[in-house]
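Listed in order, the protein sequences are those of chains D and B.
Using my numbering, you'd call the opening residue of the first sequence number 1 and step up by one each time.
Using my numbering, you'd call the opening residue of the second sequence number 367 and step up by one each time.
There could be a bad hint or two in this list.
[Stated by the list, open to error] Here are the simulated lysine-lysine pairs, DSSO-like style, with alpha carbons at most 30 Å apart:
{"#": "1", "chain 1": "D", "residue 1": "K161", "chain 2": "B", "residue 2": "K555"}
{"#": "2", "chain 1": "B", "residue 1": "K656", "chain 2": "D", "residue 2": "K61"}
{"#": "3", "chain 1": "B", "residue 1": "K555", "chain 2": "D", "residue 2": "K2"}
{"#": "4", "chain 1": "D", "residue 1": "K273", "chain 2": "D", "residue 2": "K350"}
{"#": "5", "chain 1": "D", "residue 1": "K18", "chain 2": "D", "residue 2": "K2"}
{"#": "6", "chain 1": "D", "residue 1": "K18", "chain 2": "B", "residue 2": "K464"}
{"#": "7", "chain 1": "D", "residue 1": "K192", "chain 2": "B", "residue 2": "K459"}
{"#": "8", "chain 1": "D", "residue 1": "K61", "chain 2": "D", "residue 2": "K122"}
{"#": "9", "chain 1": "D", "residue 1": "K37", "chain 2": "B", "residue 2": "K555"}
{"#": "10", "chain 1": "B", "residue 1": "K464", "chain 2": "D", "residue 2": "K115"}
{"#": "11", "chain 1": "D", "residue 1": "K11", "chain 2": "B", "residue 2": "K491"}
{"#": "12", "chain 1": "B", "residue 1": "K459", "chain 2": "D", "residue 2": "K130"}
{"#": "13", "chain 1": "B", "residue 1": "K464", "chain 2": "D", "residue 2": "K61"}
{"#": "14", "chain 1": "D", "residue 1": "K141", "chain 2": "B", "residue 2": "K464"}
{"#": "15", "chain 1": "D", "residue 1": "K130", "chain 2": "D", "residue 2": "K115"}
{"#": "16", "chain 1": "B", "residue 1": "K459", "chain 2": "D", "residue 2": "K61"}
{"#": "17", "chain 1": "B", "residue 1": "K555", "chain 2": "D", "residue 2": "K219"}
{"#": "18", "chain 1": "D", "residue 1": "K114", "chain 2": "B", "residue 2": "K555"}
{"#": "19", "chain 1": "D", "residue 1": "K11", "chain 2": "B", "residue 2": "K656"}
Keep in mind the hints are simulated off the structure, nothing from the lab.
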Amino acid sequence: MKVVLEHLTKKFPNRNKKVGGFVVAVNDFSFEIPDGKMIGLLGPSGCGKSTTLNLICGLEKPTEGKIYFGDDDITGLPPEDRGVGLVFQNYALYPHLTVEQNIMFPLGNLRGDKKLTKEEMKAKALEAAKLVQIDGLMERKPNELSGGQQQRVAIARALVKMPNVLLLDEPLSNLDARLRLQTREELRRIQKETGITTVFVTHDQEEAMSISDMIVVMKDGVIEQIGKPQEVYDEPANLFVAKFLGTPAINVFEGKIEDGKLFIGSDRVLDVKGPADGDVCVAIRPEGFVVSEHGNFCCRLIAREVMGRDSSIVAANDSFIGQTFRAIISSETVVDTSADEIRFDLKPAKVFLFDRNTEERIPFSV
Amino acid sequence: MKNNLKAWAYLLPALLFLGIFTIYPLIDVVVYSFEEGYNFASQTYTGTGLYNFSYVLRDPYFTQALKNTFIIVIITVPLSTGLALLIALGLSKIPRLKNLFQTVYFLPYVTNTLAVGLAFMILFKKTAYSDGMVNLLINAFGGDSVDFIGGPYWAKMLVMCIYTIWIVLPFKILILTSALASVSDTYYKAARVDGTRGFRIFTRITLPMIAPMIFYLVITGFIGAFKAYSDEVALFGTDLNAAGMNTIVGYVYDMLYGNSGGYPSFASAAAIILFAIVFTITCINLLLSKRSRLF
């Protein structure tokens, strides 16, 4: 089922009564989630992504704006009438109930002609458990399960009613690194198998990029950019998005454009067509550096860190905003680590220009 | 071994005090209960056997005390726990004035038993000048005055139970409000998203989550009610046998120091019987709470 958010705004009264007024958690949020897709809401803490999730789910009422599931306006409906399944960050499994009872719990709330017999409930619970592959653990209590298993139970509980929309709040943040990799593939598989429109919230850009059909980058309650993960990574709309996506983070330098030539410090690093002369921010992805004896971009070499598959060059430049920056190069590249200086050529596709004041992207061609 | 010695040395002060002031007297009580006609002054006794127990169990004052105690326990423990749960639930639902009400409900706990007794006198006692406030109310609705303090047994027992519940309520409310507050909000949110109705949330989520605290309150409530004495004195004075409102602890006290006192052997036997009852009930309680161990 497609989900449409129209000019959604949520204001909370300010906690500090002396200051008064409102805190705007979500500001004029408009977005259409296509049917059967998996969407990642991505942003730093406090950006309003969890509030957005709560608004879709119905735990919070929007101050302004409307929410549609399909063609139905569900803005005024309570959570139970929306047909949503929500998986909490800490899973919120009932500790006194077994796995099976936990999964069956939502079914026990059905009334009237929707009411199910015990056998039907058990059958549905088993079906959901099989989907997330925990059908062998039905008699256990939550505290006898590992973190990953608990999460599967939580997902099964959210799926057992076959919701229109599945919502996941920071689904992977309570898992260790290895399990996180496994689980995100699991999530993707489950979503594909059920075809349920899924929205999940995360502050981890890698998580969002790896499994979403689309990501929504948020900051201070406002959408910064929406798009397919690779598109957003390759074409960031502004400096915030560029900085937020990618590990190691993008490197930002102070630069200027003169006569279609881009300068960082006194180094003429690239020829750019299009932008007007003036000061700019130059953001270069770590993989955008090519070590070259006669490269245009001259930096001080600090260290080389070997990471196995590739290695990273830690270097410094006076124009860099910060202390040292990182360039990722293949581990076969020979670097004279005794030298004080290192020279790079830049890959134009990995270089972005931003306005110094508005931080909006300045397009250019080579 | 060396470590062991050190550990025992650390434990020694506590063990010493416990031994002298708790364990030794306890053993002594057991010994007295089998010694017939023990006399404190001369430290002599006339024989040994089960006579003390058979005397106490046949003493009408004791059977009355036993009956009173059981009635108080059976009525006040479930009622006070249930009431406290209702009040705690109400408190958790009102965001405003919660602190004020919490303080109001907690007042009886910091008030002296005898002072509360005085307040109850004003409410219930019939004097030459007034029938007491409750009787005024009864009269207003066309009923006849009842002498709650010196009248029929059921009236006295009613006042006794109200008094006991009133006294134990604050502590239970305190424990249950904090137990309710400790149930994570996400459980309720999860239940709401699944469309769980209020009653089902209460029986399937809230109640099981605070069950350990309820068990704790029931067990300590049973023990406390079995050991009731001062509350009875506050209402009916020291001559509880005459009022027919004596309790087991009161009987023990009377046998030691009361008007008919001076019988440590009988007192010990009664104390041992009380101990046996409390011990048995507590064991049953613990077994029940273990069997329904929820998580």
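Here is what the structure says about each hint:
Pair hint D/K161 plus B/K555 holds up; C-alpha atoms about 17 Å apart against a cutoff of 30 Å. About 43 Å separates the Cα atoms of B/K656 and D/K61, which puts this hinted pair outside 30 Å; it is violated. Proximity of B/K555 to D/K2 is assessed by CA-CA distance (about 24 Å); at most 30 Å being required, the pair is judged to hold. A distance of roughly 16 Å separates the Cα atoms of D/K273 and D/K350; the hinted pair therefore holds under the 30 Å criterion.
The straight-line distance between the Cα atoms of D/K18 and D/K2 is roughly 42 Å, outside the 30 Å bound, and the hint therefore fails. Of the pairs offered as hints, the one joining D/K18 and B/K464 holds, with about 22 Å between alpha carbons and a cut-off of 30 Å not exceeded. Taking the CA atoms of D/K192 and B/K459, the gap is near 42 Å; set against the 30 Å cutoff, the hint is violated. A distance of roughly 34 Å separates the Cα atoms of D/K61 and D/K122; the hinted pair therefore is violated under the 30 Å criterion.
A C-alpha spacing of about 25 Å is found between D/K37 and B/K555, which places the hinted pair at or below 30 Å, so the restraint holds. Between B/K464 and D/K115, the direct Cα distance comes to roughly 38 Å. Violation of the 30 Å bound is thereby established for this hinted pair. Only pairs whose Cα atoms come within 30 Å are accepted, and D/K11 paired with B/K491 is rejected, the gap being roughly 59 Å. For the suggested pair B/K459 and D/K130, the alpha carbons sit about 39 Å apart, so the restraint of at most 30 Å is broken.
A hinted pair counts as satisfied when its Cα atoms are at most 30 Å apart, and B/K464 with D/K61 qualifies at roughly 25 Å. The hinted pair formed by D/K141 and B/K464 fails the criterion: a straight-line CA distance of about 35 Å is larger than 30 Å. Restraint check: the Cα-Cα separation between D/K130 and D/K115 comes to about 23 Å, which is no more than 30 Å; the hinted pair holds. Between B/K459 and D/K61 the alpha-carbon distance is near 20 Å, which keeps this suggested pair within the 30 Å criterion.
For the suggested pair B/K555 and D/K219, the alpha carbons sit about 26 Å apart, so the restraint of at most 30 Å is met. Restraint check for D/K114 and B/K555: the C-alpha separation of about 22 Å stays at or below 30 Å, so the hint holds. At most 30 Å may separate the alpha-carbon atoms for a hinted pair to count; D/K11 and B/K656 exceed this at roughly 48 Å.
The structure is inconsistent with the numbered hints 2, 5, 7, 8, 10, 11, 12, 14 and 19, although it conforms to all the rest.
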